[in-house]
Amino acid sequence: MRMQEVIKAPSRNGMKVRIRQLPTGSSDARPLLKEMKKEQEFYVIFDCSYQMASELLKQDLFALDLEPYRYSGVNMTSFRLLNLDNPYVVSVVQKWSAEWQFAPYRPESGLMSGMMTTSAALMYDAVFMVAVASQRANQMTVSSLQCHRHKPWRYGPRFMNLFKEAQWDGLTGRIVLNKTDGLRKDFDLDLISLMEEGTTKHVGDGAPRRTKLWTKFSSTTKLSAYPSLFFLSDRLTIACITSTSFELPCIHVLHLTPASASVPIEIGVWKSYTGLNLTEKRDSSNNITDSLVNRTLIVTTILENPYVMYKKSDKVLYGNDRFEGYCLDLLKELSNILGFSYEVKLVSDGKYGAQNDKGEWNGMVRELIDHTADLAVAPLTITYVREKVIDFSKPFMTLGISILYRKPNGTNPGVFSFLNPLTPDIWMYVLLACLGVSCVLFIIARFTPYEWYNPHPCNPSSDVMENNFTLLNSLWFGIAALMRQGSDQMPKALSTRIVGGIWWFFTLIIISSYTANLAAFLTVERMDAPIDSADDLAKQTRIEYGAVRDGSTMTFFKKSKISTYEKMWAFMSSRKNTALVKNNKEGITRVLTTDYALLMESTSIEYISQRNCNLTQVGGLIDSKGYGVGTPIGSPYRDKVTIAILQLQEEGKLHMMKEKWWRGNGCPEENNKEANALGVENIGGIFIVLAAGLVLSVFVAIGEFVYKSRQNSDVEEAFCFYYGVQSRQLQRRDSPSLTGTSKSTDLESGHLLEDDVCSLH
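The numbering of the sequence shown is my numbering, which starts it at 1 and goes up by one.
If you are wondering where the hints come from, they were derived from the structure by calculation, not from laboratory data. A few of these clues could be false.
For lysine-lysine, the following PhoX-like pairs were computed, each having C-alpha atoms within a straight-line distance of at most 25 Å [stated by the list, open to error]:
id, residue 1, residue 2
1, K315, K16
2, K16, K351
3, K653, K351
4, K332, K345
5, K351, K332
6, K559, K388
7, K539, K351
8, K539, K576
9, K660, K311
10, K345, K660
11, K640, K653
12, K388, K407
13, K558, K358
As the structure is a computational prediction, the values presented were derived from the model and not from experiment.
With these hints in hand, go ahead and build the complete structure from the sequences.
As structure tokens, this is what we get:
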């Protein structure tokens with residue numbers, strides 16, 4: 001029955017409990033402790049007397065490998081029922097101590113080395129209550145009792161009511177009994193701790209370091225099930241339940257911190273109606289010594305790939321073995337250098353640490369402030385506001401804020417990609433320039449006398465002069481020069497040569513620029529990204545963007561005075577419910593599924609993009625910062641951790657650890673084509689232009705043929721008329737009456753017809 005609630009408490013939290021039997025008739029528990037060590041059982045509850053508990057602890061130190069604890073000291077924290085600040089209690093204890101010094105040793109006296117035990121104080125109060133109740137119940141008589149009869153005392157209920165209705169002030173404080181079940185209620189417990197500061201009493205807000213309680217105490221908690229508990233934190237936790245004469249609790253909590261004093265100090269009060277109230281105010285350097293050797297530190301961290309991750313295993317893992325990642329490797333290296341042990345625990349609220357509007361901190365920063373953790377080994381950014389409340393080591397990783405965005409879909413070059421090296425405007429300007437130069441050349445060639453020549457050089461007196469630069473020939477000259485081809489017409493005059501030379505220089509630059517860009521536009525897949533930098537994000541509202549809530553990135557934009565970043569923070573703060581995400585995992589999911597850009601550390605982006613080829617980093621770094629190991633402010637651990645980090649950096653181990661956890665399968669290289677071979681999709685447009693030119697030439701040839709045929713048809717009609725006239729003249733020549741006159745007329749007519757025909761040609 002005593003262990004019932006203790007066994008139920010772990011089972012409700014998913015923990016397994018193994019029950020073992022202490023040896024009876026002997027105080028030698030070393031075989032049992034060795035078996036526990038072999039089974040890796042480090043959290044133990046003993047249900048025994050305080051004398052047996054003392055022997056067990058001694059044997060534990062002897063039997064188990066407790067080197068980390070043997071030289072560091074044990075700090076005992078316990079619940080004290082006796083209020084030694086009460087003068088009445090002090091006087092009674094002093095009287096008992098004086099009696100113990102002169103009286104022979106009697107274990108049943110309730111004195112241990114001159115100090116009153118809790119069970120003795122409870123017995124004292126019980127006897128006192130019976131004595132006072134008996135005085136008040138003077139009319140009650142007690143008849144003789146017979147052993148073989150079980151008849152209750154007739155004044156028993158009345159005598160019990162005196163206990164329930166009365167209130168008493170005893171050694172253990174105010175005594176009030178519950179009228180229903182008769183159990184004690186409304187009592188106070190002082191939480192005391194054995195510190196190296198001695199007996200100094202601390203008052204204020206705070207929390208004891210690494211105190212582990214197996215249950216939560218409240219006004220409705222029945223502590224009678226476990227009258228006395230001992231707890232030992234860090235690697236080994238031991239709890240002992242010792243018996244008392246009455247069903248009243250005496251709970252002792254032990255945890256390992258440096259201690260040398262022999263007198264406990266009060267660090268809190270437990271009241272049945274208000275619960276536990278910690279009143280200790282600790283200085284930042286309390287319970288911390290310069291040496292880290294053989295110490296067990298509580299390390300707070302947060303799940304974040306690849307820094308801290310759950311280890312994949314077919315077996316159920318416990319303790320530090322549950323985790324893996326960069327920070328776990330770093331912590332292991334620091335432990336090897338500095339010689340400390342550690343216990344890794346996840347931050348309770350899953351946050352890094354940020355300050356709210358009331359100035360209160362959360363996350364890992366809060367745990368360092370409250371001294372519930374000794375170190376924070378995580379991707380915790382070193383910032384100005386955090387440095388004011390906690391200390392940081394030198395950064396073990398340097399990084400900056402960047403943008404994580406979905407990789408844009410690439411567009412393959414089209415069949416007319418050979419036109420891409422020049423914009424459509426440039427192509428239009430080139431064509432207009434060709435037409436303009438042709439017209440200018442035609443006009444100047446007509447104007448200058450040096451472009452005219454005699455087509456009949458054998459006849460110097462001929463007045464006929466010709467010019468090769470007709471409008472069509474001038475246009476052909478411009479097109480030929482643009483295509484890097486020759487032309488039959490070459491300028492002769494200085495003015496026309498100037499026009500031709502300038503045009504050639506122009507075409508040289510255009511063709512060279514076109515050729516230089518042609519290969520890139522034919523082979524490189526175009527990536528049309530909607531954003532390229534933080535400025536692009538700030539200038540638009542279509543793409544939503546944000547950061548992890550209560551993280552250093554959010555704090556950077558919140559505190560920044562740069563106009564661009566102030567504008568971005570105004571956008572994020574106006575959409576807190578959608579722009580700010582709970583963690584990086586949620587942000588990555590939004591980037592992949594929606595039109596969303598996540599602002600995060602460049603190292604995390606590098607890790608993610610190595611494992612998800614659909615994501616990429618956009619732009620450069622917005623700022624420069626570092627990750628450091630966090631410690632409580634004023635902690636001497638910081639300098640030692642800093643020296644160890646510098647040692648790891650010089651040995652190159654930090655780089656090797658980063659390569660180990662960041663290197664992924666890698667994404668395939670884009671457009672990795674052998675020898676940059678071009679396909680139809682690259683230069684197919686050239687063949688289309690060639691085919692179009694051939695078809696156009698065929699149609700032009702047909703047009704020329706039709707046009708020339710129409711000219712030839714007019715000549716044929718003239719010849720037909722001529723031959724018809726000749727036929728009629730021959731018929732008339734054969735007539736005798738018209739022989740003389742007709743002949744001359746026919747010849748004359750024939751000559752005229754021939755001249756007419758010639759004139760048609």
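In ascending order, which of the hints set out earlier in this document are inconsistent with the structure?
Of the numbered hints, 2, 3, 7, 12 do not hold.
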